[in-house]
Amino acid sequence: MTTIKIPELCVVALVGVTGSGKSTFAANHFLPTEVLSSDFFRGLVSDDENDQAATNAAFDVLHYVAGKRLEAGRLCVVDATNVQPPARKGLIDLAKSHHTLAVAIVLDVSEATCIERNASRPDRQFGPHVLRNQRSQLRRSMRGLRREGFSRVYHLDEAEIADVVIEREPLWNDRRSDHGPFDIIGDIHGCHTELVELLGTLGYEVDADGTSARHPGGRRALFLGDLVDRGPATPAVLRLVMGMVEEGTALCIPGNHEVKLLRALNGRKVTPSHGLAESLEQLAAEPPEFSTQVAAFIDGLISHYVLDDGDLVVTHAGLPENMQGRASGAVRSFSLYGDTTGETDEYGLPIRYPWAEDYRGKANVVYGHTPVPEAVWLNRTICIDTGCVFGGQLTALRYPEKELVSVPAQKMYYEPAKPLVPDQPLKDAREGTDLDLEDVVGKRILETRLTTSITIREENAIAALEVMSRFAVDPRWLAYLPPTMSPTATSNREGMLEHPHEAFAAFRAAGVEQVVCEEKHMGSRAIAVVCREPSVARARFGIESAAGGVIYTRTGRPFFTDPTLEAQFLERIRAGVTAAGLWGELGTEWLILDCELMPWSAKAEELLRRQYAPVGAAAARTVRAELAIVEAAGERGTDVADLLGHMGERASMVDGFIAAYGEYCWPVVTLDDLKLAPFQILAGEGEVYALRDHLWHLEVLGRLTATDPVTFRATRSITVDVDDEASVEGATTWWEELTAAGGEGMVVKPIDVVHKGPDGLAQPGIKVRGREYLRIIYGPEYTAERHLSRLRSRGLGRKRGLAIREFALGIESLERFVAREPLYRVHECVFGVLALESEPVDPRL
Amino acid sequence: MLLTISTDHKPATDLGFLLHKNPGGHHTAEFGFGVGHVLFPEASEERCTAGLVVDVDPVGLVRGRPGSKGNDFSLAQYVNDRPYVTSSFTSVVLGKMFSTAMTGRSKERPELAAEAINLEVRLPVTPCRGGVDVATRLFEPLGYTVVAEEIPLDPKFPEWGMSRYLDLTLSTTATLKSVLEQLFVLLPVLDDDKHYWVGADEIDKLLRRGGDWLADHPERDLITRRYLRHDRKLTEEALGRLMEDDPTDPDAAQASHDAEEEAVEKPISLNQQRTDAVVDAVRASGARRVLDLGCGAGNLMRVLLKEQGLERVVGIDVSHRVLEVGARRLHFDTMAPRQRARVDLFQGSLTYRDRRLADFDAAVVMEVIEHLDPSRLGSFERAVFTHAHPQTVIVTTPNVEYNVRFETLPAGELRHRDHRFEWTRAEFASWTDGVAARQGYSVARSGIGPDDPEVGSPTQMAVFSR
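Taken in order, these protein sequences are the chains called B and Z.
Oh and the first sequence: position 786 is 786 in my numbering, straight run, nothing missing.
Oh and the second sequence: position 257 is 257 in my numbering, straight run, nothing missing.
A hint or two may mislead.
Here are the in silico distance ranges between beta carbons for each label pair [unchecked claim]: (1) K233(Z) with N322(B): 52 to 60 angstroms; (2) R288(Z) with V165(B): 54 to 62 angstroms; (3) L644(B) with R241(Z): 40 to 48 angstroms.
In silico DMTMM-like cross-links for lysine to aspartate or glutamate, where the CA-CA straight-line distance does not exceed 25 angstroms [claimed, not checked]: (4) K21(Z) with D639(B); (5) K156(Z) with E140(Z); (6) K362(B) with D354(Z); (7) K603(B) with E571(B); (8) K21(Z) with E635(B); (9) K21(Z) with E631(B); (10) K205(Z) with E140(Z); (11) K194(Z) with E606(B).
Examples of chain B residues lying across from chain Z (beta carbon under 10 angstroms, computed) [as the list claims (entries may be wrong)]: (12) S545; (13) I629; (14) T638; (15) M647; (16) R775; (17) H787; (18) S793.
In short, the hints are calculated from the structure, not lab data.
Even glycine gets a Cβ: it sits at the ideal position worked out from N, Cα and C.
Isolated chain B (complex conformation):
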């Protein structure tokens, strides 16, 4: 039996003349979807598998499909004769451009067998010259296959073909099953003292003779290369690292300096610049066999590793997503040297393309190579070369904790070509976090922790883009947009459209036992981001903000048009948070609060003047004048009984309408006239508070609102056991009283916020609006039974679906923000909420 080993991901070229049994071979050893057969593609483009005129078109499509498969990391087996060099070159180029290896499997079958096989196939009746040509081409190809670029070539004769096993093996860089934990250490450059100190800080026990080290907790060190050159003790560093790798307490990847050192050690001619001279000098003082060991060590290093289920990639100079876990010369170059453009800057250093700014991959990429003043995460990448040898620090990243540990350099061992800390003020914190249009447009599928994936339709993204670009506050502020909320199922009680009964019943059906009913304030939704100091805004949100925060509406627009007013109001919120002692209690320097800002007229005056007040003014006069006419006619003896019946009740309904909106309006002359009702603390450093139960929020916010009754309004609430009739009864009475006194209504929420029931997530809140309030929504006279009977048929399904999806996206964006995920990851969720809000849904719900 013959065993063939191929990489898990590669392009396999089957090479053999027609009739050599390639298709049968492919079918025996590979999945049908892995096999791309030229015959099949010829048929696809021309309806005739043997139409040679269709060959070019067929290969175009074949290469296109193969490219897509390789992008997705799928093996491709190309079933074509592949006896001519140009055909094979196409496949090798394809493999290279996707940073994968190409493997050739040659099926060498006797001419007689081929003739026999072709004879039995009526569609293969071509002259004997065809076969003869192919065989001669194959024979001429054989020896050169390796040189053409196939990393492995297998030659099988008829007997071997019948009895072969194909084994797929992972690439050397594939360590996905290795979960660490690791201490990833940046460029050392011969700084042995600092290395030993750092290992000590990280808890490693370093052997007295400096030949190895280990962590009592089983952690492993992961060296990012550039161990050598420039610094004072390259051999000592190598000895320690090689010992640790040997012992299994460390992994190591090569840096460009190791590669160059290896060339020098192998006797190649290299310029001993950039600190190589120091290394060679130091190594010369060691016994010669040490240099031999070093050369062997470097030679065996793998250029990058993919670890921890693909969540971690370590590489010396960085690696974009499409190169991770792949193998090619380009991958190796990128890993060693980064994304150089070929140009050099004023210091003579290569100009690098800022690949990390474009990075949108899932894996965390930890790399070094380019000294930076401070290690900072950018789009899930971090460079931890903090220039130790240049007098900076030696830095380690603890993984999966993602904690940075540094020790300062004892001194500047080597003069940097470019000053480590640029002379100009620190770079704009926003740099590199720019959002890309591709982060938001088109049809998008967002993964959230709380639900299955959420689809954002392209047309909704189009609508949201305009709002987001033209009207929203800076996206770095926007860690959250509030979700829509569904009203309760429609009530059939006389004169009612909504009633608490249905809301409690809905939660009972969803298996929620305890709910809290919160008073629904009638103002405008406001999200307040409050930082303790302006410097926090810069550090955490990346925004220079003298006001140290922002207040925005449910669509992300600035709530205040006057920035001075906004700053003053933020100052009041900040003072309240301080007075309530929440900074210390919650251990955060910033908070995002979900609030209602009143009065309604402050934000909605235009709407009131354009729509609500005119209808009230017109209705109040007309219904009375009409009634007077009808009554006068009636007094004269005209039969108007039926008309009087419904005319009589109209005036009180219209007065109710005017009173209803009037309740939520008052003039705003000074800041004292604005009232903020915070009802949820969404997030602070390290925690998404929105997931804490509602009673916690009410308690904490109760203390906040008590600090300043002029600015804040408390949220009244009542807790309900939905299975307890008395409890439900009590809450119903509470709602009736609340709404009779002019309240908008209440929101009923599961106490534990996220409740997964038999039908998925329970609604995070259901609103039950008051009978009078609903006149603002359904018109002054909606309570007349002739209107109500029709209004009761309203479809809530769509609204409920949106409410769940937007809730899941809201929590997701907060979680991502708190976890310090890249801006684009937060923004895609926030953008998603805005896009979903452009779904057509009954605006009265």
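Got chain B; can you put chain Z on it based on the hints?
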């Protein structure tokens, strides 16, 4: 909604004969949108009043409409003034319930129907765009005495001011026919709205009801325009038909020619000058591939496409709607393939970086930055200068100092409601110098339009190059 018609022409009860409605009865008619009632609150020898009450069904207005879901135009709202005010609904009811009276016929009192009698019309809540002034201009020329009272929006909130409703009393001595016809036409004109789609047959309706009096009405144009919902084509056709018999006034023709000449002599518009300056700058840059960022409906692109040597002109705007208009105006559908390959329109945003914007020689950002929030200018700068990175960037924006020279612009106001800022020359210089320094460009600034010694030109332009 309510309308009353009264007379003191004795015997006043004859009003019932004229309206073909018995003053003792309760007359009703069903309409798609509600029920019309005619009642007589008073009917004596001295004075008789007919009341027209239209009970518009507010739920039916919203529910009965196909495609009304989610729309926010007026009829899709439950909170709607239509049930309470006179409007085109009233005209429909008038036309049906008083159809015979409107033709001037009366079986019992044919002479009275042709006689001018004292009539008083009361419209307790009538919407009027333009207020008392428009109501007076519409009715006084027809011989009415107009008493109009403005209705406040909400007495509880006096700061909100007045509504657009009037309590209107119109008195005249005229035939009932003419009063009804005039109400039929003028109620929707006052309101400046219609509840139905206005098509060509609306012209016939207007001419039928207004044939006798409209041609001589000084507000003829206003009435026609509003009645036909500002549809320019319909309005022109209606006015043409209305004036058919009116020979062209030679003096009027001369006057209009004078106006044309004056318009020609007037300095070319600022808009035109701006376009010219930008096109000149593009030409001077030698660019072959040009971006128009914030292209709107493609006005500048149409000019750029005529330029020789431009291989590609791509417009970007954030508004999908305006791009559709642009594609139509540029005639994408029928463009020759070679020309079509030179031009494209994409939705994009200047605050997100966008790969499609790379590889252009020049980018024009004409009158766009002032529509961005100042806090987003950093993102804009990086999207355009860092990421798109063309050789040349041409930016124009208003010079706020010049605003004092615009007579129609109130002091301190910006030129457009959506302008987030307008800069002085010094502010523009400071921003452009900053961008140039940060992004490695050089910058040259100039003014567009008349150069005022004190306040400069109305538009300022910066040309960045690298």
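Results for each hint:
1. In this structure, K233(Z) and N322(B) meet the distance hint of 52 to 60 angstroms, their C-beta atoms being roughly 57 angstroms apart.
2. At roughly 60 angstroms, the beta carbons of R288(Z) and V165(B) sit within the given window of 54 to 62 angstroms.
3. As the Cβ distance of L644(B) to R241(Z) is approximately 47 angstroms, the hint placing it in 40 to 48 angstroms holds.
4. Proposed proximity of K21(Z) and D639(B) is supported: the alpha carbons are some 15 angstroms apart, at most 25 angstroms.
5. A distance of roughly 34 angstroms separates the Cα atoms of K156(Z) and E140(Z); the hinted pair therefore is violated under the 25 angstroms criterion.
6. Taken as a hint, the K362(B) and D354(Z) pair is honoured in the structure, with Cα atoms around 21 angstroms apart against an allowance of 25 angstroms.
7. This hinted pair checks out: K603(B) and E571(B) have alpha carbons roughly 20 angstroms apart, not beyond 25 angstroms.
8. Among the hinted pairs, K21(Z) with E635(B) is consistent with the structure: their alpha-carbon atoms are about 18 angstroms apart, no more than 25 angstroms.
9. For the suggested pair K21(Z) and E631(B), the alpha carbons sit about 18 angstroms apart, so the restraint of at most 25 angstroms is met.
10. About 23 angstroms separates the Cα atoms of K205(Z) and E140(Z), which keeps this hinted pair within 25 angstroms; it holds.
11. Restraint check for K194(Z) and E606(B): satisfied, since their Cα atoms lie roughly 23 angstroms apart, inside the 25 angstroms limit.
12. About 9 angstroms separates the beta-carbon of S545(B) from the nearest beta-carbon of chain Z, less than 10 angstroms, and the hint is met.
13. Taken as an interface hint, I629(B) checks out: its beta carbon lies about 4 angstroms from the nearest beta carbon of chain Z, inside 10 angstroms.
14. Given hint, T638(B) at the interface with chain Z, holds; its Cβ is 5 angstroms from that chain's nearest Cβ, closer than 10 angstroms.
15. Hint status for M647(B): holds, given a least beta-carbon distance of 9 angstroms to chain Z, under 10 angstroms.
16. Here the hint on R775(B) is kept, as its CB sits about 8 angstroms from the closest CB of chain Z, short of 10 angstroms.
17. Checking H787(B) against chain Z by beta carbon gives a least distance of about 5 angstroms; that is within 10 angstroms, so the hint holds.
18. Annotation: interface hint on S793(B) holds; nearest CB of chain Z at approximately 9 angstroms, less than 10 angstroms.
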